[in-house]
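One-letter residues, chain by chain:
Protein chains: 2
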Amino acid sequence: MKAWSVKASSYVLENDWIKVRSDDCLTEGGHEIKPFFVLEYSDWVNVVAITRDRDVVLVRQYRHGLGETTLGLPAGVLEKADADPVAGAARELLEETGYCSDDMRLVATLSPNAATHSNRIHVVVARDAYLVQEPTQDPTEEIEVVLATIGDATRQALDGRMMQVAHVAAIILGLTAADAFTATGRELQRDEA
Amino acid sequence: MKAWSVKASSYVLENDWIKVRSDDCLTEGGHEIKPFFVLEYSDWVNVVAITRDRDVVLVRQYRHGLGETTLGLPAGVLEKADADPVAGAARELLEETGYCSDDMRLVATLSPNAATHSNRIHVVVARDAYLVQEPTQDPTEEIEVVLATIGDATRQALDGRMMQVAHVAAIILGLTAADAFTATGRELQRDEA
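Heads up: the sequence lines are chains D and Y, in that order. If you want my numbering, it's the 1-based position in the first sequence plus 56. If you want my numbering, it's the 1-based position in the second sequence plus 56.
Take the hints with a grain of salt, since some may be wrong.
As the list claims (entries may be wrong) - For lysine-lysine, the following DSS-like pairs were computed, each having C-alpha atoms within a straight-line distance of at most 30 angstroms:
(1) Lys-58(D) x Lys-75(Y)
(2) Lys-136(Y) x Lys-136(D)
(3) Lys-58(Y) x Lys-75(D)
(4) Lys-58(D) x Lys-90(Y)
(5) Lys-90(D) x Lys-136(Y)
(6) Lys-63(D) x Lys-90(D)
(7) Lys-75(D) x Lys-63(Y)
(8) Lys-75(D) x Lys-90(Y)
Read the hints as simulated data drawn from the structure, not as lab findings.
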């Protein structure tokens with residue numbers, strides 16, 4: 057399908073944290089849509105880190121949008137200083153959890169919400185992750201690191217306890233790419249034995 | 057973890073399409089965070105509809121946030137007139153695709169982004185879906201209905217071709233709840249045979 061043509065565009069909210077663009081659009085079928093609001097953010101990274109003991113490194117954190125404490129993946133904003141998504145993922149993983157890995161790779165680039173967001177989410181898998189230091193978190197972040205077995209992390213993603221859609225998608229794609237998701241049945245059996 | 061306390065709150069952008077709230081917050085640890093922006097939307101529904109022929113009902117649509125045409129699930133805003141998420145899902149499924157189902161149920165309620173969004177995404181599964189009418193879409197939506205085998209829909213979700221994180225999460229949770237995801241291996245073998 058053809059992209060809408062944009063007849064006029066302006067920013068209606070623009071600061072260090074949020075940028076809202078208002079577009080006046082014309083669809084392929086000739087329908088006028090104005091205004092249409094687009095949220096512009098830098099790209100984000102989500103990290104699926106599997107330790108040498110085959111645990112997944114998760115973080116528990118209060119999230120003010122939802123107003124609840126949620127369990128999810130180490131994640132953050134890809135910064136200009138990051139050479140690429142894998143470098144950004146390595147930085148976020150280290151900052152938030154103190155873990156690093158010598159075996160990291162990009163497995164997918166997804167959209168946080170194609171209707172509203174211009175940016176992307178890069179899903180990076182880190183295998184054989186190991187603890188190298190205390191987390192060096194921003195003091196306002198107040199993050200608790202939680203290790204979960206692959207089976208338990210998978211269950212939390214599949215039964216809705218892991219609430220954020222990006223983290224659910226990333227953990228399943230990440231474990232699949234790391235050949236750990238196919239092992240879930242065995243992990244589940246081991247857990248439940 | 058304790059919710060941040062909100063010392064002041066106001067709307068910095070508020071119209072029929074988008075509502076941005078600015079909060080001045082104090083964290084559990086006593087750190088001041090101001091402003092913190094929250095996106096307020098009505099709840100959304102994502103529908104995983106499996107037809108009597110065991111196909112998944114998908115939609116292809118241009119999405120102006122991302123600026124690309126994407127393949128995803130029937131989805132929309134839960135309206136005040138909808139009795140519950142299942143009723144909203146049934147309405148959206150019928151409007152966007154012309155399909156209905158006598159066997160629909162809510163399988164999970166997730167967060168589009170716990171950091172930034174106040175609303176929820178309800179994941180509804182529709183089994184034994186069947187075509188009852190032509191789609192009655194809003195003319196500005198320009199949606200193409202696509203049927204995919206369960207195996208192909210799963211592959212598109214797992215390999216990153218289905219880009220929207222909410223749809224990836226919903227399709228995997230939905231197929232798991234409908235006992236179709238565990239059948240994926242068999243579906244894949246059948247597809248590839």
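Comparing the hints with the structure gives:
no., hint, in the structure
1, Lys-58(D) x Lys-75(Y), "28 angstroms, holds"
2, Lys-136(Y) x Lys-136(D), "42 angstroms, violated"
3, Lys-58(Y) x Lys-75(D), "28 angstroms, holds"
4, Lys-58(D) x Lys-90(Y), "41 angstroms, violated"
5, Lys-90(D) x Lys-136(Y), "24 angstroms, holds"
6, Lys-63(D) x Lys-90(D), "9 angstroms, holds"
7, Lys-75(D) x Lys-63(Y), "23 angstroms, holds"
8, Lys-75(D) x Lys-90(Y), "16 angstroms, holds"
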